[in-house]
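There are 2 protein chains.
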Amino acid sequence: MVRIALDVMGGDHGPREVMAGALLALEEYECHLALVGPEEVIATELKAFPKWPMDRTTIVHAPDIVGMAESPSLAFRKKKNSSIQIGLNLVKDGQADAFVSAGNTGAVMAASVLTLGRIEGVERPAIATIMPSTKGPFVMLDMGSTMDCKPQHLVQFAIMGHYFSRLILHTKNPKIALLNVGEEEDKGNQSTLEAYQLLKALPEEFSFAGNIEGKEIIFGKADVVVCDGFVGNSLLKFGEGLVSLFMNFFKTEAKASFLSLLGVLLLKPALKRFMKSFDYQEYGGAPLLGVNGVSMIAHGKSNRRAIKHAIRNGIQTVEQDMVARIAKAVVQS
Amino acid sequence: MVRIALDVMGGDHGPREVMAGALLALEEYECHLALVGPEEVIATELKAFPKWPMDRTTIVHAPDIVGMAESPSLAFRKKKNSSIQIGLNLVKDGQADAFVSAGNTGAVMAASVLTLGRIEGVERPAIATIMPSTKGPFVMLDMGSTMDCKPQHLVQFAIMGHYFSRLILHTKNPKIALLNVGEEEDKGNQSTLEAYQLLKALPEEFSFAGNIEGKEIIFGKADVVVCDGFVGNSLLKFGEGLVSLFMNFFKTEAKASFLSLLGVLLLKPALKRFMKSFDYQEYGGAPLLGVNGVSMIAHGKSNRRAIKHAIRNGIQTVEQDMVARIAKAVVQS
Numbered sequence: 001m002v003r004i005a006l007d008v009m010g011g012d013h014g015p016r017e018v019m020a021g022a023l024l025a026l027e028e029y030e031c032h033l034a035l036v037g038p039e040e041v042i043a044t045e046l047k048a049f050p051k052w053p054m055d056r057t058t059i060v061h062a063p064d065i066v067g068m069a070e071s072p073s074l075a076f077r078k079k080k081n082s083s084i085q086i087g088l089n090l091v092k093d094g095q096a097d098a099f100v101s102a103g104n105t106g107a108v109m110a111a112s113v114l115t116l117g118r119i120e121g122v123e124r125p126a127i128a129t130i131m132p133s134t135k136g137p138f139v140m141l142d143m144g145s146t147m148d149c150k151p152q153h154l155v156q157f158a159i160m161g162h163y164f165s166r167l168i169l170h171t172k173n174p175k176i177a178l179l180n181v182g183e184e185e186d187k188g189n190q191s192t193l194e195a196y197q198l199l200k201a202l203p204e205e206f207s208f209a210g211n212i213e214g215k216e217i218i219f220g221k222a223d224v225v226v227c228d229g230f231v232g233n234s235l236l237k238f239g240e241g242l243v244s245l246f247m248n249f250f251k252t253e254a255k256a257s258f259l260s261l262l263g264v265l266l267l268k269p270a271l272k273r274f275m276k277s278f279d280y281q282e283y284g285g286a287p288l289l290g291v292n293g294v295s296m297i298a299h300g301k302s303n304r305r306a307i308k309h310a311i312r313n314g315i316q317t318v319e320q321d322m323v324a325r326i327a328k329a330v331v332q333s
Numbered sequence: 334m335v336r337i338a339l340d341v342m343g344g345d346h347g348p349r350e351v352m353a354g355a356l357l358a359l360e361e362y363e364c365h366l367a368l369v370g371p372e373e374v375i376a377t378e379l380k381a382f383p384k385w386p387m388d389r390t391t392i393v394h395a396p397d398i399v400g401m402a403e404s405p406s407l408a409f410r411k412k413k414n415s416s417i418q419i420g421l422n423l424v425k426d427g428q429a430d431a432f433v434s435a436g437n438t439g440a441v442m443a444a445s446v447l448t449l450g451r452i453e454g455v456e457r458p459a460i461a462t463i464m465p466s467t468k469g470p471f472v473m474l475d476m477g478s479t480m481d482c483k484p485q486h487l488v489q490f491a492i493m494g495h496y497f498s499r500l501i502l503h504t505k506n507p508k509i510a511l512l513n514v515g516e517e518e519d520k521g522n523q524s525t526l527e528a529y530q531l532l533k534a535l536p537e538e539f540s541f542a543g544n545i546e547g548k549e550i551i552f553g554k555a556d557v558v559v560c561d562g563f564v565g566n567s568l569l570k571f572g573e574g575l576v577s578l579f580m581n582f583f584k585t586e587a588k589a590s591f592l593s594l595l596g597v598l599l600l601k602p603a604l605k606r607f608m609k610s611f612d613y614q615e616y617g618g619a620p621l622l623g624v625n626g627v628s629m630i631a632h633g634k635s636n637r638r639a640i641k642h643a644i645r646n647g648i649q650t651v652e653q654d655m656v657a658r659i660a661k662a663v664v665q666s
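Going line by line, the protein sequences match chains G and Z. First residue of the first sequence? That's 1 in this note's numbering, and the numbers climb one at a time after it. First residue of the second sequence? That's 334 in this note's numbering, and the numbers climb one at a time after it.
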């Protein structure tokens, strides 16, 4: 049974929502949860869930709390007893197989790298994000872990993304593409120009499909899209902005007149389906790739469903032995 | 009267659409147009417009044609008599005040830099794009001219963007922001981290407002958004993809059922208004900033309205003496 250490204090919605997600996961998946946080908080929360399966649960006391906007390096140095640090220690010491947190992303990232270390040969970690496309979800990385990428880093992201796509999204022969400003081989900045050549030289199993432009990723032309953390993070946030702009359109129109309200109501079911594909709650968190252990990073806005899915992804990452597979592939490349 | 050299052969819609836009501009603005292209093509086209004001028009023969996907450097070397090259020569030789083209962007950019040269002190040129926000248009640069930016390049883009915002968008005291992965001063890649400090040290008139995240730019929190050409171009194309995805939603729903068709029809007027704000045709082309002369780059998809607006922007850029103002500001900074 996979053992997950769950950061009860992580996320914008507070411990109640995380606990609710944990219960959904316990009900649906064969797993053991270590609830990590201040024990008095956990005890209080457990009272709200009378049917909690305590036989598959342990409580691990972690009195320090890391705020969502706190400095990651400061948190790492000063808060040795935070739920983030103690949860990661459980993984490091072999008492848990994976850590799951919707807490301060920077703090989880920094503490993961510093506590678990990097996989041998992996030079930089990467955040992989599951993104929607018209042909279904694909994975994009790095979404904000490594800001300045050497070509070799991008190649390692491609390899890690390949395994993520196969093991978590169950894609057969995932196609890898390099995010770039044009499809041609001679387009790009120094880093992508060189990375293109290195990616072309990868073994055939990695199916490098060349450059991809930002316009095309939404239409499902690649299963793994590789970019540096600055570009990935900027794109992700810009996309969030555009989606919320679209949603505002419907909200505004619903108030504008009776006829436009009627229009919005008639489209509501379709709109709900459409927006569901943009809903990270569906996909849950993603592992920080490249660290020597499983650390799942969930969105701060995660609701119970997102927490449940982050736990599910953690279980799969462990069961599929992703860390060992990446380690092997990186050594060979 | 401002004299514009117009590339008749540029754009995806062919010479007829460019000519139609030229006529709209001649009717609306006080300007003189040099129509640049193969004279037999221009002669044929002019027959389609019997009321053409020939007193404010000259025809300049340029037999070579640069394809929309042709290599910019090859076009520059081999096609000395293209409409792009001959049009830019007119500006260089003082026979025209500005060049306007919806042709091969890479070719226009390369030929502009090589023919007109850079403004003294400007290290890299930048493409400025007028972008929509909920508070009205703002300018973002660089959108694809300079892929690898040193911090100093970003500072020069900020200065050029400041003048663009004031002189073309008529913004008083434009607020400049640096696109970044977080608002905090210590967020970013090497280039933005250093650029932040340099921007902070600019004279107060440039109103540096700090970092801005991709999510916020759509909500009009800055008048000038600065980034490198790789990031800008990726974001722009990703945005285009998301907008077309959104439009596909309505197209699909209009066909799905009678009720959803009704919903789409009821929202159509509002949707039209909404989409108009994303319509580059409204804004027309933007000058390639940093070159020593006015070269307006319009979208390849420009229709007659976009061509008209590109010509209008060219006239304004000349009348406002933007090149000289940028030159002066860059020397002082």
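No wet-lab data here; the hints were simulated from the structure. Remember, it's a predicted structure, so these values are computed and weren't measured experimentally. Backbone N, C-alpha and C fix where the C-beta goes; we use that ideal spot for every residue, glycine too. There may be inaccurate statements among the hints.
In the BS3-like style, the derived pairs of lysine-lysine whose C-alpha atoms are separated by at most 25 Å in a straight line are [said to hold, decoys possible]:
(1) G:K215 x Z:K605
(2) G:K301 x Z:K548
(3) G:K221 x Z:K634
(4) Z:K483 x Z:K508
(5) Z:K411 x G:K78
(6) Z:K605 x Z:K634
(7) Z:K520 x G:K272
(8) Z:K588 x G:K135
(9) G:K187 x Z:K609
(10) Z:K411 x Z:K468
(11) G:K200 x G:K301
(12) Z:K468 x Z:K505
(13) Z:K483 x Z:K605
(14) G:K172 x G:K200
(15) G:K150 x Z:K483
(16) G:K187 x Z:K411
(17) G:K251 x Z:K601
(18) G:K215 x Z:K411
Sample of chain G residues lacking proximity to chain Z, with all beta carbon distances greater than 12 Å (derived) [claimed, not checked]:
(19) E120
(20) Q190
(21) T192
(22) G239
Cross-check of the supplied hints:
no.	hint	result
1	G:K215 x Z:K605	holds, 22 Å
2	G:K301 x Z:K548	holds, 15 Å
3	G:K221 x Z:K634	holds, 23 Å
4	Z:K483 x Z:K508	holds, 22 Å
5	Z:K411 x G:K78	violated, 65 Å
6	Z:K605 x Z:K634	holds, 19 Å
7	Z:K520 x G:K272	violated, 35 Å
8	Z:K588 x G:K135	holds, 19 Å
9	G:K187 x Z:K609	violated, 31 Å
10	Z:K411 x Z:K468	violated, 45 Å
11	G:K200 x G:K301	violated, 38 Å
12	Z:K468 x Z:K505	holds, 14 Å
13	Z:K483 x Z:K605	violated, 41 Å
14	G:K172 x G:K200	holds, 20 Å
15	G:K150 x Z:K483	holds, 16 Å
16	G:K187 x Z:K411	holds, 21 Å
17	G:K251 x Z:K601	holds, 15 Å
18	G:K215 x Z:K411	violated, 31 Å
19	E120	holds, 26 Å
20	Q190	violated, 5 Å
21	T192	violated, 8 Å
22	G239	violated, 6 Å
Checked against the numbered hints given earlier, this structure breaks hints 5, 7, 9, 10, 11, 13, 18, 20, 21, 22; the rest are met.
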